[in-house]
Amino acid sequence: MVNWIWLGMIVFSVVFAAANGRAQQVTEAAFGGAQTGVTVCLGLISILVFWLGLMRIAEESGLVRKLSKLFAPIVARLFPDVPRDHPAFGYILSNMSANVLGLGNAATPMGIKAMQELQTLNPEPHVATPAMCTLLALNTASITLIPTTMIAIRMNFGSANPTDIVVSTLLATIVSTGAAILADRWYRRRSGSPPIALSPPKPNAETKGG
Amino acid sequence: MVSFLHALSTWAVPMMIVLIPLYAAYRKVPVYETFVDGAKDGFQTAIGIIPHLVGMMTAISMFRASGAMDAMLGLVRPLFERIGIPGEVLPLGMLRPITGAGSLAYATDLIKTHGPDSMIARIASTIQGSTDTTLYVLTVYFGAVGIRKSRYALKVGLFSDAVGFFAAVAVCWLLF
Numbered sequence: 000m001v002n003w004i005w006l007g008m009i010v011f012s013v014v015f016a017a018a019n020g021r022a023q024q025v026t027e028a029a030f031g032g033a034q035t036g037v038t039v040c041l042g043l044i045s046i047l048v049f050w051l052g053l054m055r056i057a058e059e060s061g062l063v064r065k066l067s068k069l070f071a072p073i074v075a076r077l078f079p080d081v082p083r084d085h086p087a088f089g090y091i092l093s094n095m096s097a098n099v100l101g102l103g104n105a106a107t108p109m110g111i112k113a114m115q116e117l118q119t120l121n122p123e124p125h126v127a128t129p130a131m132c133t134l135l136a137l138n139t140a141s142i143t144l145i146p147t148t149m150i151a152i153r154m155n156f157g158s159a160n161p162t163d164i165v166v167s168t169l170l171a172t173i174v175s176t177g178a179a180i181l182a183d184r185w186y187r188r189r190s191g192s193p194p195i196a197l198s199p200p201k202p203n204a205e206t207k208g209g
Numbered sequence: 000m001v002s003f004l005h006a007l008s009t010w011a012v013p014m015m016i017v018l019i020p021l022y023a024a025y026r027k028v029p030v031y032e033t034f035v036d037g038a039k040d041g042f043q044t045a046i047g048i049i050p051h052l053v054g055m056m057t058a059i060s061m062f063r064a065s066g067a068m069d070a071m072l073g074l075v076r077p078l079f080e081r082i083g084i085p086g087e088v089l090p091l092g093m094l095r096p097i098t099g100a101g102s103l104a105y106a107t108d109l110i111k112t113h114g115p116d117s118m119i120a121r122i123a124s125t126i127q128g129s130t131d132t133t134l135y136v137l138t139v140y141f142g143a144v145g146i147r148k149s150r151y152a153l154k155v156g157l158f159s160d161a162v163g164f165f166a167a168v169a170v171c172w173l174l175f
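Keeping their order, the protein sequence lines are chains A and B.
Per numbering that gives the first Met the number 0: the first sequence = residues 0 to 209.
Per numbering that gives the first Met the number 0: the second sequence = residues 0 to 175.
Derived from the structure by calculation, the hints contain no laboratory data.
Capping the alpha-carbon separation at 30 Å, the derived lysine-lysine pairs in DSSO-like fashion look like this:
no. : chain 1 : residue 1 : chain 2 : residue 2
1   : A       : K112      : A       : K68
2   : A       : K65       : B       : K39
3   : A       : K65       : B       : K27
4   : B       : K39       : B       : K27
5   : A       : K68       : B       : K39
6   : A       : K65       : A       : K112
7   : B       : K154      : A       : K112
8   : B       : K39       : A       : K112
9   : B       : K111      : B       : K39
10  : B       : K148      : A       : K112
11  : A       : K68       : B       : K27
Now the stretches of chain B that chain A is said to cover, found in silico as 3 or more residues with beta-carbon under 8 Å:
no. : stretch
12  : 13–22
13  : 49–59
14  : 66–74
15  : 108–122
16  : 161–168
Over 12 Å on every C-beta distance to chain A, these chain B residues come out as not near it, computed from the model:
no. : residue
17  : L78
18  : F79
19  : R81
20  : I82
21  : G83
22  : P85
23  : G86
24  : L89
Where is the CB? At the ideal position from N, CA and C, for every residue including glycine.
All chains, please: the whole structure from these sequences, using the hints.
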């Protein structure tokens, strides 16, 4: 898909350039764009170096674990089919906490670990379970406290107040995460899985017998 | 309320910068050494984005310079500007779930073209910052455990992206 979008943009550019007589401008734009790409990345170095340093402090101090405790009751409700003492539960919590702090590099391995643990509860290894779909929904919506990359880019282009998007981003991400959770619950209910935990679930009870 | 939210935006970063090391020091973490250790990863991360961003910025700059962008925006603008959505941010909403580097490049292009403090730049930053690349997350997470049938996961992800897009526009109109 990405390949087609990229190719499509380039092909359409040259076709339109031919039609509009803008070959020269398009050539300049190609190299100018490449230059902007490098400049923006170099501008990102300062903020990423600083922020990842700060976030390592957060990790080492046990803040990620603290956040996990805070999320535990919410996660228990979102994943009614995962037993609370199952290792998947812990990984889901770490994944969410790392996402909130904007620790993408830490969040992905934790999320994959969580998926692997959820796979042990899966009766059909090639088909996603409702719990897997919920974990994915949380990760695609990804609540993040500080949008560091966008702050850095606005700073690079001389914004008067680069951090003024913090709250707008936070509000938008809360709405989209809420939408993801609601949609996930709706599909869960339709597929016949329990949307809310009323009693402790017993995974694989029947598959073990058969 | 709006002024409180603006204050929150301004103070969120400095508060994190002081509170995280303070809490860590209280927990007896060697703050400076830990900082330097973690900061090393930032360099690699920033350098690693270069090829992706150069590729996408090149294509988007060409697309704009050739007049193709204006032709495309001309089609969608009348429809969306009636409900307060700048036509310029629509391609961003479409790119966001598909390619992280592509949407970052397009958002950068909007910030460069319209100025970092324009409404378009603020909406673009909010959209880019508030969601993740759905297709990428799906491929990585399900790919890692060999899931081939993702059931309704893609629909849920795309739905939340669409809701997030409209929420970003609405929130920016309320705040700025």
